[in-house]
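I would like the entire structure built from these sequences, with the hints used as guidance.
Residues 1 to 182 (this note's numbering) are what the sequence shown spells out, left to right.
The hints are simulated quantities; they were obtained by calculation from the structure and are not laboratory data.
Some hints could be false.
[What the hints assert, rightly or not] Only pairs whose alpha carbons sit at most 27 angstroms apart, straight line, appear in this in silico BS3-like list of lysine-lysine:
no., residue 1, residue 2
1, Lys-24, Lys-14
2, Lys-146, Lys-36
3, Lys-176, Lys-14
4, Lys-146, Lys-55
5, Lys-14, Lys-55
6, Lys-176, Lys-55
7, Lys-121, Lys-14
8, Lys-36, Lys-121
9, Lys-176, Lys-146
10, Lys-53, Lys-26
11, Lys-26, Lys-14
12, Lys-55, Lys-24
Owing to the predicted nature of the structure, the values given are computational and were not obtained by experimental measurement.
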Amino acid sequence: MNGLITRSIHPDVKGNDVDLILYKGKILLVINVASKCGLTNSNYDELNELYQKYKDQGLHFELVWLIPALRFWHFRATSLVIRNREVTKRLKILSALGSNRSFPFFDKIEVNGDNTAPVYKFLKEGMWGFFGDDIQWNFTKFLVDKEGEASHRYYPATPPLRIEPFDIHFPQRDIKTLLGIA
Numbered sequence: 001m002n003g004l005i006t007r008s009i010h011p012d013v014k015g016n017d018v019d020l021i022l023y024k025g026k027i028l029l030v031i032n033v034a035s036k037c038g039l040t041n042s043n044y045d046e047l048n049e050l051y052q053k054y055k056d057q058g059l060h061f062e063l064v065w066l067i068p069a070l071r072f073w074h075f076r077a078t079s080l081v082i083r084n085r086e087v088t089k090r091l092k093i094l095s096a097l098g099s100n101r102s103f104p105f106f107d108k109i110e111v112n113g114d115n116t117a118p119v120y121k122f123l124k125e126g127m128w129g130f131f132g133d134d135i136q137w138n139f140t141k142f143l144v145d146k147e148g149e150a151s152h153r154y155y156p157a158t159p160p161l162r163i164e165p166f167d168i169h170f171p172q173r174d175i176k177t178l179l180g181i182a
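What follows is the structure in structure tokens.
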């Protein structure tokens with residue numbers, strides 16, 4: 001395995017280091033999230049639906065909170081702590097609707113620029129977006145297969161439920177195929 005999970009340790013939202021080897025053999029949906037964005041409510045609602053549907057079949061979410069200073073539309077770095085609390089609260093509320101478990105939630109990291117976190121350097125490698133490899137906005141999604149390799153990159157406006165169905169033309173790009181249930 002040469003993928004993501006063999007080379008990454010991430011701090012979770014509480015500051016504990018998490019070795020991504022824990023996700024070996026699992027499908028990951030890696031997303032840079034936000035608490036206040038035009039895409040927030042719809043993405044969280046659909047992510048919760050996907051998680052509840054597939055959590056027992058091997059789908060895991062790595063929700064990476066970011067927005068370093070002046071990244072997207074000049075959000076202020078001083079509000080990062082407040083936003084982390086808002087995102088955590090939102091995820092717990094959504095999770096409580098269908099389960100007593102919450103999504104795995106990791107600390108903020110940089111996804112672009114000189115200080116891009118290693119996990120995002122790896123994910124973006126060969127996975128070009130509309131304007132190159134930079135992450136343009138919140139809710140850019142990466143589907144990672146059981147080998148830890150990035151399978152597909154989805155634009156922020158792609159609803160999470162659009163990642164689920166089997167696509168005969170691009171079978172490596174959907175959750176059902178990667179889980180082996182298509």
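Against the structure, test the hints numbered earlier, and report the numbers of the ones violated in rising order.
2, 3
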